[in-house]
Every structure is written in structure tokens, then in C-alpha cells.
Amino acid sequence: MYNLLLKEFKIGVSPFFYVLPFLTGALMLIPGWLYFLVILYFCFITIPNMFGGYKSQNDLIFTSIMPVTKRDMVKARVSFIVILELLHIVVAMIYSIFTLHLYPDMMYIFLKPTLGFWGLCFVMLAIFNLIFISMYYKTSYKYGAPAFAANAGAVLFAGGAEWLALQNSYVSDLFKGAGSDNLGAHLLILLAGIVIFALFTFIAYHIANKRFEKVEM
Amino acid sequence: MLALDIRNVSKKYEHFHLKNVSFQLEKGYIMGFIGSNGAGKTTTIKSILNLIRLDSGEIHIMGKNMDQHEVELKQEIGSAFGDINFYTRTKVRTLTNVIKPFYKNWDDDTYHKYLKKFNLIEDKKISELSTGMKVKYSLALALSHGAKLLILDEPTSGLDPVARDNLLDIFRELVQDGEISILFSTHITSDLEKCADFITFMHNGKIINSAEKEEFVDAYRLLSGTKEQLNLVKEQLISYKTNLFGFTGLIHTKDFDSSQNVKSAIPNLEEIMIYCSKKEDTQDV
Numbered sequence: 001m002y003n004l005l006l007k008e009f010k011i012g013v014s015p016f017f018y019v020l021p022f023l024t025g026a027l028m029l030i031p032g033w034l035y036f037l038v039i040l041y042f043c044f045i046t047i048p049n050m051f052g053g054y055k056s057q058n059d060l061i062f063t064s065i066m067p068v069t070k071r072d073m074v075k076a077r078v079s080f081i082v083i084l085e086l087l088h089i090v091v092a093m094i095y096s097i098f099t100l101h102l103y104p105d106m107m108y109i110f111l112k113p114t115l116g117f118w119g120l121c122f123v124m125l126a127i128f129n130l131i132f133i134s135m136y137y138k139t140s141y142k143y144g145a146p147a148f149a150a151n152a153g154a155v156l157f158a159g160g161a162e163w164l165a166l167q168n169s170y171v172s173d174l175f176k177g178a179g180s181d182n183l184g185a186h187l188l189i190l191l192a193g194i195v196i197f198a199l200f201t202f203i204a205y206h207i208a209n210k211r212f213e214k215v216e217m
Numbered sequence: 218m219l220a221l222d223i224r225n226v227s228k229k230y231e232h233f234h235l236k237n238v239s240f241q242l243e244k245g246y247i248m249g250f251i252g253s254n255g256a257g258k259t260t261t262i263k264s265i266l267n268l269i270r271l272d273s274g275e276i277h278i279m280g281k282n283m284d285q286h287e288v289e290l291k292q293e294i295g296s297a298f299g300d301i302n303f304y305t306r307t308k309v310r311t312l313t314n315v316i317k318p319f320y321k322n323w324d325d326d327t328y329h330k331y332l333k334k335f336n337l338i339e340d341k342k343i344s345e346l347s348t349g350m351k352v353k354y355s356l357a358l359a360l361s362h363g364a365k366l367l368i369l370d371e372p373t374s375g376l377d378p379v380a381r382d383n384l385l386d387i388f389r390e391l392v393q394d395g396e397i398s399i400l401f402s403t404h405i406t407s408d409l410e411k412c413a414d415f416i417t418f419m420h421n422g423k424i425i426n427s428a429e430k431e432e433f434v435d436a437y438r439l440l441s442g443t444k445e446q447l448n449l450v451k452e453q454l455i456s457y458k459t460n461l462f463g464f465t466g467l468i469h470t471k472d473f474d475s476s477q478n479v480k481s482a483i484p485n486l487e488e489i490m491i492y493c494s495k496k497e498d499t500q501d502v
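Chains as they are written, first to last, in this note's numbering: chain A, 1 to 217; chain B, 218 to 502.
None of these hints come from the bench; they were simulated from the model.
Using N, Cα and C, we set each Cβ at its ideal position, and we do this for glycine too.
Mixed in with the good hints, there may be bad ones.
[To be verified] With a straight-line cut-off of 27 Å between C-alpha atoms, the simulated DSSO-like cross-links for lysine-lysine are:
#1 B:317 / A:75
#2 B:495 / A:214
#3 B:496 / A:70
#4 B:229 / A:142
[As the list claims (entries may be wrong)] Where chain B lies over chain A, by a calculated footprint (3+ residues, C-beta under 8 Å):
#5 1-11
#6 200-209
[As the list claims (entries may be wrong)] Estimated spans, in silico, between C-beta atoms of each pair:
#7 A:61 / B:375: 49 to 55 Å
#8 B:411 / A:203: 54 to 60 Å
#9 B:329 / A:203: 43 to 49 Å
#10 A:198 / B:233: 39 to 45 Å
#11 A:72 / B:302: 21 to 27 Å
#12 B:270 / A:30: 48 to 54 Å
#13 A:160 / B:231: 41 to 47 Å
Using the sequences and the hints given, assemble the complete structure.
As C-alpha cells, this is what we get:
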């Protein structure tokens, strides 16, 4: 599994995609922006490029002829996605510290980049992973429809969260008003987000495993 | 000892059926796997490598069941697909560095020895290698991890005659010590006349014949004669072609009666392949 993960890092994606989190993360510095987009860029750009590369380079057969189990192939791929997602979130979180200090009196229309907001980002990626990973492993090469469905799921969640914060005064206060300083509540939302992310990704991995067993090269 | 033992392998697709495929390859020999395009050679090779799920049958490599010992056996198998390229924009060096940690018996000295022997340049990208060089690179990788069974799908297709001859010489060299066995599929029958010890012939998903090369060829005779003579042997012929002067047809040696005075010759592999395929196609119609 370790060697497969190493393979993903070395030839799985162009090194550009290790730099991308720092570029998209810099978008956090735009005052009062729709910050969900910063994380969504991973889903919009990195995922289709990555999986397009696997398809065009015949990665499925390349990996299958090596002495590895199908289970490890899925495990390494899912781990690689998770590592890239974490890289995107952590880098964006670091940028957000600067944002909060640069514009302390900002009136937010969209969600403020609080710890709770990052919890919501984890939930958004959880939905993305569940849809994308489980759908992709039906064939292990068709990535268009899974990426479209997973992006739709993630965008709907982000849109829903923003809409709720616009419509509901309690949610608005929690994420944009005085409640955004409630560290306890936000830490709890972040933790819940991480748990949902772990759980959904784990479920996606299991579904993928079962489906990949039946895939023929 | 059998390097490869395929027993009653079947696999049904919507438009193609691999029917009860069985053949064996002795350790230390080269087996040529022939058949026309679409005969099922690649499907059989994929089933050997466990890339497809079998409907029934078993595959044993070095005496072990592939299904149960897949990871362990893949340490001992080297493979090359003539028409599938991997990571073409990656440099040879980078790709080797990715591949080698997967193999516990990887030997850098052997790898460099073969790079030198095959004139492979590590700084080249895979896409910059010629077709022959790509096959040689796959061979260098396989030999560096101590592969005992080489499974090569159409390794000589697309190569010029010089490169083909060169590759066939390498195959002969590899099996000299009796440790390495090679199964290679091709539709270029002259390759096999040069280097194969055994021939397995497949058509429409079925094994037509699998035998030692001389025995394989000796099992058939190519007859030619007048139209009147055709009527004498028609029933026994596997298939035949007629022309203005008479006919040419293939017959099993055991069915051939030399007292009929029909001119006979030993066929080459291409003729056997053509006439046997003709018979199968006629039957299928």
C-alpha cells in the first residue's frame, strides 16, 4: 500500500497540483468572498485532471499487472485523494488566519472563515467523496459522470449552507455575527465535520472496494 | 515442471466467448500463441494475469493457483503489452523508480546490465522510445525483478524485420538456462518458426491445437491437385481453396492416404492458421 501511495505521489498527478492549494488558498485573501469556492476548486480542477491522467496513461492496467491487491489499489487511491483534500483545507485555513486579521471589521454576506466554516467544508468534501469514489469504481476509468454528480452534490451542499445562513437569523449569527466568536460551538462543528468526512470517506472506500472487485480490465 | 498450466478456462462476453481453454507450458521453453485478430489471445493473457474474472477454470503458475497466490506469483511474472503504453510522458528513470519498490527481488545491477545491452537511455521519455525499445524496456524491468515467466502480448507487432529478429534472438537467449519461460502471442507466424518451441493456436475463443512445434506442423499436410482429385479427398480436408487449375487444401496427416497420388507438402504455420480458421468460420456460419 505504501509503494502504491508513493507511486501516486510520483506519477499520479502533475506537480502543479501540489502547488495549486497554495494558489487557490490565496483566494482566501479576497475580503468577504464565497470561500466555499476555494475548496471547490479542488473538486472542479484537480479531480478531473487527475483521473483524466489515470485514464490516458492506462494506469489501471499498469497498476494491475504489478504484485498488488485490488484492495490496496483502492486504499492508496482514496488515501491520496484524502491527503490532497487535507492539503487544500489546511493551506486555506492558514490563509484564513491572515484574512481574519487583515479585515477584522468585515461585514460578511457569505460565510465567515471560522472553524465552524471549515467543519462545513469537511462535510462538503465528505459528500463529494461519497459520490465520486463510489461511482468511479463502477468502471475505474469513467470519471466524467462521477465528477459531475459529486460536484453537483458538493455545490448543492455549499449553496444550501449559504442560503440557510442568509435566511435563518440563528445560523447567520453563528457564522457571520457575534456567534462566530463562540469558539466552543465552532470547534464542535469542525469536529463533527471531520467525523462526517472520515465516516463518508470510509463508506465510499468500502463501496469502491466491492465494486472494484468486479471490475475487469 | 509446468511454468504455466491453464485448465478449462471459460469466459463469456456479449459478443465473444472464450471456450474451455486449456494448454500447458513447460518451464524453460518458448510458446508461441497464435491466432487471428480477435481470436481471444489477449483475453486469455488477461485471464492469466487475473485482469479479468473467469466464469470457470483454473490457472496455475509454477504449480500454484493464480487466484489464491496472485500477489506472490506476480513477483515472478514479467509482462509486456505491445499495443498498450503506460505513462508515456514519464522518463524511463522515473518510471523505473516507481516500479522497483514493488518487487522484493529487484536487482539494480541486472537492470543496468540490460539497459546497456538493449541501448536504453534512462533520460528518455517512454513516448520517445521506439516500439521495439518499449518491449525491451518491459523485458529489462521483468528480468531485473527476476521474473521466471514472461507473458508478452503481441511484442513483435509493429516492429521492423530487423528489430523483430533482434527481439527473437533475445527471447532464445533468455530461455537458454532453462529458468525462464516465455508465452508470447502474435499473428506473425514467421516469428514462431524462428524461435518457438511450442505452438498454441487459437481461433474464435477455442484452442485448435497446442503442441511442440515440429509435432504441430507434422500433424498437417498441404494437398494440391486437380478438381477430380479434390472429390477424392474433399471429405477428409480441414478446408480448401479452389482455383482455375484445381485446389489447395489442408488435411490432418492421419487422414491422408498417400496411395491417392495427390501431391502433398508440409505446410507452414501461416497455411495451417489460414486453413484451420477457414474451417472454423465455415462451421460457425
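Find the hints from earlier in the document that the structure breaks and name them by number, from lowest to highest. 2, 3, 6 and 7
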